[in-house]
Amino acid sequence: MFRSLNDKENQRSLINLTINGKLVTAPQGQTVWAAMALAGETSTRLSPVTLKARSAYCAMGVCFECMTEINGMPNQQACLFEVKEGMDIRFQEITEQTSLLNPSDSVSTLTENVGGNHD
Amino acid sequence: MTTHKSEVLVIGGGIQGSSTAYHLAKRGVSVRVLEKDTVSRHASGVNAGGVRLLGRNLAEVELSKTAMERWQQLDDELDADTGFRARSLINIAADETDMETLRSREQQMHELGYFHEVMLDQHELRERLPHVAQHCIGGVVSEQDGYAIPFHSTQAFRIAAERIGAIFCEGEQVQSIRKVGDSWLVATETQKYQAEHLVNCAGAWADLISVMIGDNVPMSYSAPMLMITARMPHFATPVVGAVSRPLSFKQFENGTVLIGGGAKGFADRANNTTRLDYSLLASGAHHAIEFFPIMKTACINRMWSGLEAYMPDNLPVIGKSIRADKAYHAFAFSAHGFQLGPVIGEVLADLITEGESRFDLEPFRVNRYERKVL
Amino acid sequence: MINNIETPSINNSYDIAIIGAGPAGMSAAITATKAGARVVVLDDKPRSGGQIYRNVDASPLAKPTVLGADYLKGSEITAAFKRCSAEHISSVNVWHAGDNGELLFSLEGETQRLTARQIIVATGAMERPFPIPGWHLPGVMSAGSAQVMLKSDGLVRDGAVFAGTGPLLYLIVAQYLRLGVKVKALVDTTPKQNYLSSMSEITGAMSAPRMLIKGLGLMNEIRKSDTKVYRFAEGLEIQGEEACKGLSFSISGSKHEIVTEHVFLHQGVIPNLNMTQALGLKHTWCEQQLCWTPETDNWGQSSQGVIAVAGDSSGIVGAESAAAMGRICALRQLVNIGLITEQQADHEAADDLRFMRKQQHFRRFIDRLYRPLDQHRKPTNDQTVVCRCEERTVKDLKQGFALGGREPNQLKSQTRCGMGPCQGRMCGHTVSELLAEWRNEPVADVGYYRLRSPMRLVTLQELSRFTNLTPVSTVDRASSGTSDSDVEANKEQELAQ
Ligand SMILES: Cc1cc2nc3c(=O)[nH]c(=O)nc-3n(C[C@H](O)[C@H](O)[C@H](O)COP(=O)(O)OP(=O)(O)OC[C@H]3O[C@@H](n4cnc5c(N)ncnc54)[C@H](O)[C@@H]3O)c2cc1C
Ligand SMILES: Cc1cc2nc3c(=O)[nH]c(=O)nc-3n(C[C@H](O)[C@H](O)[C@H](O)COP(=O)(O)OP(=O)(O)OC[C@H]3O[C@@H](n4cnc5c(N)ncnc54)[C@H](O)[C@@H]3O)c2cc1C
Ligand code: FES
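Note that the protein sequences, when read in sequence, are chains H, B and L.
Heads up: the first sequence at position 39 corresponds to 38 in numbering that gives the first Met the number 0, and the numbers run straight through without jumps.
Heads up: the second sequence at position 137 corresponds to 136 in numbering that gives the first Met the number 0, and the numbers run straight through without jumps.
Heads up: the third sequence at position 382 corresponds to 381 in numbering that gives the first Met the number 0, and the numbers run straight through without jumps.
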């Protein structure tokens with residue numbers, strides 16, 4: 000497990016977010032990846048070809064292993080984003096086999112949530 | 000220095016040059032391809048891969064139809080994977096004016112005996128493209144159309160050609176061309192080549208070769224731009240275009256979406272490079288989202304462009320040289336030459352071995368812009 | 000310094016734009032503003048400092064002193080940077096830099112544009128990829144990531160194994176130990192012969208004795224702890240199917256395996272090439288550092304007139320030299336734009352240039368000593384993943400090579416290796432070196448990927464809103480007039496009439 004030595008944690012204002020549906024608080028300024036790691040949610044995405052779980056590798060924005068779905072927007076690098084109030088972070092499942100062609104496939108998370116969420 | 004001899008010399012290792020080499024070799028003709036960089040380094044390796052018969056200029060329909068038949072069996076013929084997928088191509092009508100355009104085109108095509116373009120109403124459109132925006136009211140489809148992987152397709156021709164004896168020389172830039180007696184003498188920086196027939200498939204540089212042969216053409220070149228997204232969930236099976244908007248995209252089997260849109264960057268052919276114009280790409284992005292709201296979730300992974308040759312009428316030059324005997328041209332495909340690749344090689348092989356082609360090449364004459372001397 | 004300006008600069012123009020607020024970028028800004036230049040510094044972190052001084056002014060740790068004196072020293076330069084008049088635009092990713100002085104960057108999800116007469120690329124380094132079997136499994140991270148997580152979020156991982164070679168590896172282990180974080184083992188892959196071969200450079204290294212002592216000190220610190228240290232390890236392999244279960248390796252022929260769910264790998268740093276490559280700068284293969292570097296003169300001037308490259312993005316130089324290079328680059332560009340004379344530049348750069356020369360000796364020693372093993376750079380196991388994004392293995396690349404992919408771009412088109420979101424950062428060097436080996440030719444002749452902007456994934460939505468620049472019309476750039484084509488709408492319906 001990852002753990003935090005962040006002694007000032009209590010002084011920094013805390014932010015509420017959900018990671019894979021789990022409610023989590025994180026100090027302001029923390030990266031999304033750190034929040035995930037501390038919550039024990041270290042899997043970031045499915046690899047698109049062999050469909051295996053992957054996790055962050057470099058934590059500095061160069062490997063793109065930490066791409067997750069943030070507020071409905073896929074391919075967001077968790078290690079580069081800071082947590083924001085109300086953020087919804089999800090394990091990314093887009094692979095070569097994902098399809099939204101069937102009329103019953105839900106597209107809601109993918110189209111409706113995206114919009115003004117770039118702030 | 001030895002002079003390398005062959006019956007035919009092809010200048011340019013794009014899809015046209017490679018296909019020509021393949022068809023000649025198949026007929027037992029000895030052929031050599033000179034390529035200044037590497038085979039499929041330029042337009043033929045980096046284009047959008049659109050294999051389109053839909054909406055072709057009438058002058059090109061026959062060629063394009065034949066090419067389309069070839070594409071359906073090309074993997075078998077070349078014993079390789081070109082990545083071709085017949086996925087149909089739909090051009091979307093955004094309003095009544097578009098529908099009107101489609102109706103008159105349909106009438107015209109039917110009169111000429113062509114029935115491969117079929118109009119779609121709104122319901123049919125939505126059935127084929129469930130994610131299309133509400134405002135789109137119909138369209139037109141061509142069922143045999145689709146896409147292929149450009150690099151793989153061009154390489155497939157090359158490898159098939161090599162297998163039956165064609166020779167490809169990479170890193171060989173043609174610098175001079177001379178006709179001595181019945182032979183063409185071609186020189187690169189370090190080598191000399193000799194052949195009875197000479198074929199100009201030099202893409203965005205073809206006007207320079209053309210001049211060396213003796214034909215002057217008002218060819219220009221440009222850098223059409225493309226962008227590709229990270230993988231998206233599959234949402235569009237057909238290749239997508241629009242009747243009157245700069246929209247064009249296709250989703251590959253691996254989920255990535257290739258977006259065109261007609262915007263052009265800045266071409267620097269002397270240095271083999273292009274520069275992109277990002278604000279023009281922005282308008283392509285805008286149209287993609289407008290027609291397919293799901294594209295809001297798209298992330299662009301890479302943007303690029305390639306060097307392509309154009310003629311003022313956007314029709315290629317295909318046929319015999321006017322000034323010189325036993326010289327042939329195939330260039331200036333004006334951003335839609337990839338689909339024609341399989342048939343162009345055949346046409347040139349016919350011209351060389353039979354002296355004529357069964358296609359009407361009149362609209363593609365190299366001297367069609369020359370002022371008539373009265 | 001104006002931090003994170005309220006109204007983002009649109010169509011602003013500057014004398015000098017600097018990308019990266021590490022030691023190189025910050026010192027360049029300080030020097031350039033002193034001479035009166037209008038300077039903007041863009042960086043993707045919320046705070047200045049770069050890799051080494053990350054969060055030096057806002058450490059999440061109660062006692063940042065454990066991070067070492069070298070780290071704390073950073074607050075001097077960040078303070079000077081804050082005082083200078085450069086505009087600092089933080090938390091922005093520069094996704095395009097052009098040799099025409101144009102920068103496009105994402106600020107809060109909107110693309111903004113600015114132009115400058117001169118550009119200094121100071122985007123720093125990244126860790127050298129470590130392509131061994133299983134390095135892509137969850138639980139395996141780079142050792143630099145351990146440091147990043149520690150500096151920016153105060154995050155640590157107990158009981159991890161650190162493996163590889165190089166000063167940064169020992170530094171992070173020492174930092175962990177000082178913080179009382181348990182390290183299960185340090186598996187050092189520095190081969191015995193490196194100690195011998197580097198001795199030829201030792202005299203040079205003695206010119207920088209302070210740094211030499213620092214390095215030795217770290218190792219002593221680790222040895223004195225109860226952390227198990229394995230030396231001269233080779234043949235590293237991560238064990239596990241779905242996730243990391245252990246690390247195996249051999250030492251003089253005998254096999255070892257450590258059971259662990261977390262391994263931090265490191266074998267040095269290399270320039271983060273994507274921006275300098277996408278700018279079309281000339282690059283050369285540096286045999287000493289086993290990486291591609293942009294060609295620059297002593298003043299950091301690249302092959303393109305308006306672009307200079309400073310710091311680790313020009314070739315690995317370390318923090319102090321990065322700062323020196325930043326100053327030198329700035330002086331050169333001040334001459335270019337006519338704010339100072341060449342004599343002034345020569346005079347002011349003299350100390351830094353001398354320092355840089357001296358550092359070169361030490362660098363040679365370090366590079367020789369910590370030269371990563373061939374087998375850890377050029378994977379031979381067919382199953383080893385080379386391209387993490389597209390999941391291409393050594394076997395896939397061999398097949399692509401057999402089909403004619405003899406050069407990185409051809410191999411990429413053939414196999415998709417390097418086509419994913421990281422755009423070759425994780426596989427590019429491996430591919431160059433593997434192809435060189437397979438072709439039996441020098442890496443320099445093999446080359447690297449042709450890269451393009453964007454530097455990161457840009458959302459289609461963001462791009463679609465970037466229309467504030469020129470009137471958005473599909474003006475035809477071909478002199479041939481409008482064209483029908485597959486890349487644009489098929490207007491042939493009309494043409495055909
Ligand atoms: C971005 C883009 C997207 C496109 N999308 C599509 C599409 O979706 N569908 C479609 O049908 N078409 C498309 N096209 C058009 C298509 O790619 C071209 O029409 C086609 O590839 C042309 O093939 P070519 O062999 O004539 O040219 P090229 O592929 O350019 O080959 C010409 C070769 O000649 C070589 N050469 C030039 N001068 C010399 C010399 N002096 N000596 C030796 N060698 C020389 C060049 O190096 C080059 O490799 C697109 C083009 C571009 C640029
Ligand atoms: C993970 C890691 C940890 C390191 N830790 C240490 C250490 O503890 N001690 C040590 O001596 N050396 C360390 N180094 C080596 C370090 O690179 C140099 O010592 C020094 O930081 C180099 O300074 P620089 O100014 O060249 O680059 P950097 O300090 O790396 O600064 C470059 C800056 O540019 C930013 N940047 C890059 N691309 C873009 C872009 N497209 N848009 C906007 N901003 C961008 C980066 O985020 C970064 O802030 C580390 C290197 C790495 C990779
Ligand atoms: S962990 Fe490598 S990019 Fe985020």
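A portion of the hints provided could be inaccurate.
[Unchecked claim] Pairs of lysine to any residue, SDA-like flavour, derived with a Cα cap of 25 Å:
| id | chain 1 | residue 1 | chain 2 | residue 2 |
| --- | --- | --- | --- | --- |
| 1 | L | Lys397 | L | Lys357 |
| 2 | H | Lys83 | H | Glu40 |
| 3 | B | Lys295 | H | Ser98 |
| 4 | H | Lys51 | L | Glu241 |
| 5 | L | Lys62 | H | Gly20 |
| 6 | B | Lys178 | B | Arg357 |
| 7 | B | Lys295 | H | Glu81 |
| 8 | L | Lys183 | L | Ser90 |
| 9 | L | Lys377 | L | Asp366 |
| 10 | L | Lys281 | B | Arg274 |
| 11 | L | Lys244 | H | Glu81 |
| 12 | L | Lys44 | H | Glu40 |
| 13 | H | Lys51 | L | Gln382 |
| 14 | L | Lys213 | L | Asp69 |
| 15 | L | Lys397 | B | Glu169 |
| 16 | B | Lys295 | H | Gly20 |
| 17 | H | Lys21 | H | Thr97 |
| 18 | L | Lys357 | L | Asp296 |
| 19 | L | Lys223 | L | Pro190 |
| 20 | B | Lys64 | B | Pro362 |
| 21 | L | Lys44 | H | Ser98 |
| 22 | L | Lys281 | B | Asn270 |
| 23 | L | Lys62 | L | Lys183 |
| 24 | H | Lys83 | L | Ser90 |
| 25 | H | Lys21 | H | Asn101 |
| 26 | H | Lys51 | L | Gly245 |
| 27 | B | Lys25 | L | Asp69 |
| 28 | L | Lys33 | L | Asp350 |
[To be verified] Pair ranges (Cβ atoms, derived):
| id | chain 1 | residue 1 | chain 2 | residue 2 | range |
| --- | --- | --- | --- | --- | --- |
| 29 | B | Thr1 | L | Ala443 | 27 to 33 Å |
| 30 | L | Lys81 | H | Leu50 | 32 to 38 Å |
| 31 | L | Ser199 | B | Val210 | 45 to 51 Å |
| 32 | B | Asp94 | H | Gln27 | 46 to 52 Å |
| 33 | B | Gly170 | H | Leu50 | 39 to 45 Å |
No lab work stands behind these hints: they were computed from the structure.
Every residue gets a Cβ at the ideal spot worked out from N, C-alpha and C, and that includes glycine.
Numbers of the earlier hints that this structure fails to satisfy, in rising order: 1, 5, 6, 8, 11, 21, 25, 27, 30 and 31
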